[in-house]
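Residue numbers (this note's numbering), protein chains in the order written: chain R, 1 to 545; chain D, 1001 to 1307; chain U, 2001 to 2318.
Since the hints were made in silico from the structure, they are not lab data.
Just so you know, even glycine gets a beta-carbon here, dropped at the ideal spot from N, CA and C.
Possibly wrong hints are sitting among the right ones.
When the alpha-carbon atoms are kept at most 20 Å apart in a straight line, the in silico PhoX-like pairs for lysine-lysine are as follows [as the list claims (entries may be wrong)]:
(1) K462(R) <-> K306(R)
(2) K230(R) <-> K1038(D)
(3) K427(R) <-> K374(R)
(4) K2232(U) <-> K114(R)
(5) K427(R) <-> K462(R)
(6) K413(R) <-> K427(R)
Using C-beta positions, here's what the derived DEER-type ranges look like [claimed, not checked]:
(7) L2012(U) <-> L330(R): 18 to 28 Å
(8) L1081(D) <-> R2170(U): 28 to 38 Å
(9) T1006(D) <-> G32(R): 53 to 63 Å
(10) L330(R) <-> V1013(D): 50 to 60 Å
(11) W1212(D) <-> A2205(U): 34 to 44 Å
(12) V1228(D) <-> E2048(U): 55 to 65 Å
(13) K1038(D) <-> K535(R): 50 to 60 Å
(14) N405(R) <-> L1020(D): 50 to 60 Å
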Amino acid sequence: MKDMKEKPVLLTMRNIQIEGRSDETWSPIIKGVDLTLNKGEVLGLIGESGAGKSTLGLAAMGFTRDGCRISGGTIDFDGIDLMKASEATKRGLRGKRIAYVAQSAAASFNPAHKLIDQYSEAPVQHGVMGRGEAEHDAVELYRRMQLPDPDEIGFRYPHQVSGGQLQRAMTAMAMACRPDLIIFDEPTTALDVTTQIEVLSAIRDIVAQFDTAAIYITHDLAVVAQMADKIKVLLRGDEVEEADTRTMLASPKEAYTKTLWAVRSHARATQPPVEKGTVPVVSVKGVTAGYGQVDILKNINFDIHKRRTVAVVGESGSGKSTAARVITGLLPPRQGQVLFNGQALPADYRQRTREQLRQAQMIYQMADTALNPKLRLRELIGRPAQMYLGLQGKALTERIRDLLNLIELEPDKFIDRLPSELSGGQKQRVGIARALAAEPQFIICDEVTSALDQLVAEGILKLLDRLQTEFDLAYMFITHDLATVRAIADEVVVMQRGRVVEQGPKDEMFQPPHDPYTELLLSSVPEMDPDWLTKLLKERAEKAS
Amino acid sequence: MSLLITLFWIAVVVAGALALGWVFRTAVIALSRGNLRKAMRTAPLTAAFGMFIILLYILVAVFAPVIAPFAEREVVGGQFLPWEAPHIFGTDNLGRDMFTRLVYGARNTVGIAFMTTALAFFIGSILGLLAATVGGWLDQILSRVVDILMAIPSLIFSLLLLTIFGTSVITLILVIAVIDSTRVFRLARSVAQNIVVMDYIEAAKLRGEGLWRLITREILPNAMAPLVAEFGLRFCFVFLAISALSFLGVGIQPPTADWGSMVRENAALITFGDVTPLLPAGAIALLTVAVNFVVDWMLHRASGLKE
Amino acid sequence: MGLIWTMIAKRLGLGLLTLFVISVIIFSATELLPGDFAKAILGQSATEETLAAFRKEIGLDLPAYQRYFNWLGGAIQGDFGTSLSGNKRPVADLIATRLGNTLFLALYAAAIAVPLSLVLGILAALYRNSIFDRAANAAALTSISFPEFFVAYILIFVLAQSGLFPSMTRMDADTTLGEGLYRAFLPALTLTLVVTAHMMRMTRAAIINLLASPYIEMARLKGINPMRVILKHALPNALAPIITVIALNLAYLITGVVVVEVVFVYPGLGQLMVDSVAKRDFPVVQAVALIFAAAYVLLNLTADVLSTLSNPRLIHRK
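Just chain R, same shape as in the assembly:
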């Protein structure tokens, strides 16, 4: 890390208050936050969803989104008072001295213009350099950002370039005027882990090369540990604490920060191997499936046993969700079949009996879209019990109350609530209760924790673990997050482009030797160690040479 003691101050924000309008009234988003940034320094801004990170980041440019306003505080950028500055003055700074890199590069590039035209726009408009010079410079920066084919890539349109490359092109564009400060707003959140590494290292290098100050906004601690000199933690529009990265990682002061830092405490004990000859609850046999002419899955095989959890891991496009659709019968396979307790299931769910449907339940990633917003918990949870088990009246109500107790929600308080009256974690619990209500033998959990904040996710994993033992359930756990795999899996299936590249018991999977893809996947998951990225890149470079 750089020595920053002698560096002069670049940005000072004092007692910043920002409000957002909803239903004709103003409510606070940022409640009096201070921020100081020196020249060439990188500040990591971290917090859960709704903490106000992006709003604060944009405010550093003197900018607010529609429906928001800065209602108090001072912003001083290198001697310029951004609160009092005219629009023209601020416009002169934006893109030239302060630049912005957005979360979704695909949406933030104008689809109607070539990348290089969008690169040249700021330097030309701000009078930093001429058009020809800017294009020349663009190619140079594309090269430094390690983009493939840097001489040509600028002449493509945004939709002709992949997501990871677009994100690097956007960072290059932000660098065009060699700004003093860049705001990075979750630049790698939408990317897969293996792509994320490339983007992170490119961003880190270029910021260091030009000695640019940066505010790096993210919800991922391990990522911010690689990028930032110091870290500021936000919670619901308030600052929790700020310290330099190493101090913060080693000894966080506040209780909230400690909970964020805590390594996942939950880890499933190793289970004895399944006895030979046991019939698996679910068995996927030689399944090939896809949409139209394209095969998404190619000859997939795996078994799931009673009281065992199989984690299916892979990046987007690997086919892990498609596998779930084949098992549930939403997508009949072209070849192969799914066995349930040794019996072949009809390929199409519409041909399955009610009993077969009951035995396999599903819990979804987004509890928001998985629960009908117009139904109360009584009906959401009660309907499967009523349908499959024929419960009525008092017996049904009793059952619903039992289920609510199981998922640790007070029945009297919750039974007549609507999903909109629940928190994210509570909604996911209701999703679990709905699956349990059918009294199944097998449950598919599709990224059930990836939309949740860390602590809440932990609670859900513990609950699922407890229920598994209590009701002898078999789980198929779809995830892209290897920490979740460690916490819950007995066996792991690694998928890449529709094929199973490796499968086996969890303990074996986390020990070398690996299949090259598993190796890449495992090594790409960021760790809390601030030197992790540096070490990893060095290792990879050594291996390559």
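Fit chains D and U to the given chain R structure using the hints.
This is chains D and U only, laid out in the frame that chain R set:
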């Protein structure tokens, strides 16, 4: 000069309408409680004015016989009598009391338009929801048929159909309802399609729920808000379409008191500087304005809640 | 580039198919007549002989598909048969001058309405929630809610009363362009008022939708001046929605023209159609309906093709 006077009167009318809206809103806030009260607090004056007008029209339609001084079809005096007691708006081309016919028009014109819209909604939304839920060939067939029907301008299509089936109130309602249900179908289908892709619908299908329950319990409750707003918009279209047809002489037939035909029957007066024919036309305009103001607010609220 | 042309070819093919199906619907509508076409025309009192003679005269003794192809073949060459009423003139003669008049009126209104509403709509979107936006919106909403004949009679009352403009529009073969513009001013103004309101609201909505996209925010965060943001970043992407809006409203003009022509006794197709509906003159109604429907389909088709051509994602394929 006349332009200035016109502008002055427009300003007076706008100010008066907003003042009425304010009075109505204040009254409702004072008299109501709960959700209605909360909603009314944020209602713009235009929407409050609209609600007041709609309420007024409903009252007039319901109590028409009580309010009207004469019978609907009774000839009470000479033709085109001026605005003097007992005929406050004079008499029409056959010597019937203008005010009485205006009052009964609220019942006939608005009632027929309302029934037509309801029928169009019944047909359109059921087919639309069905197409989106079942999908496949049913969706394909229904959508292509609707595409074709919508490729014919609706006024032209209704003129064509009315030529063939003749002009009675029943055929009028059926023809307009069928033509308009294509528009409802489009909306209901697209609304339902956004709902059908939700995980909770997939969950219900995998649970083994039947089509009827899927539509009534899972989809319809979530489609209600946009459908209600659309009902208001469609009502305006239907109301204007029926009025236009009546004005053209192929809609509601005499001697039924109807605003569109009243404009047509008395149109000659306008060239003599008499505003009487503008009264029924204005009655049509006022109600559509009112409904549009309310719908605009509802749509604004719906989009605001989503953000 | 190949793909975009196949797409356009597909659209054109679909458009032709639609036109064909519409022509079938318009033709077969008369087949739905309760009872017999001849009886409907001549009345219940007609004798069997007159009925038979009449059927033969208009070709009713032929099978339906044959009559359809005769009709369609004629229509394509501009021959729509003969009118049933009065002097039995060829339908084509009745239509010829009126089609020109209607087109004149529609283009007249469009020439005022399109630029006016685009400017108003873009301004309202740029200054949204300002007083100007709110007033423009309320005015547009009010104007949409008015039946065309209400607007027309108000204009007559205000502008024709004083003798400024004629309330009845005479259009002869020897009317000059200047006279035509003057005489058709009130009907054109009526149409303009109604269409402008619709078009302004749609333009506003389309632009607001566009201004909310992340790439516009990005342009603003690059310090680009507002004018350039609009011209360079919003406009190229706004073409497709704006084209759609224009086409929709020009299509709306087609139906709006009917009522307006009746009010101003304007010698156009709309008035002819309404007269013929009252007289149940089927050949004329069918011909005019076909012309209106064809114009409508062609407008939508043109808009479809143009907005496909303006989509950068389609022009520059991977």
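Index of numbered hints that the structure contradicts, given in increasing order
2 and 7
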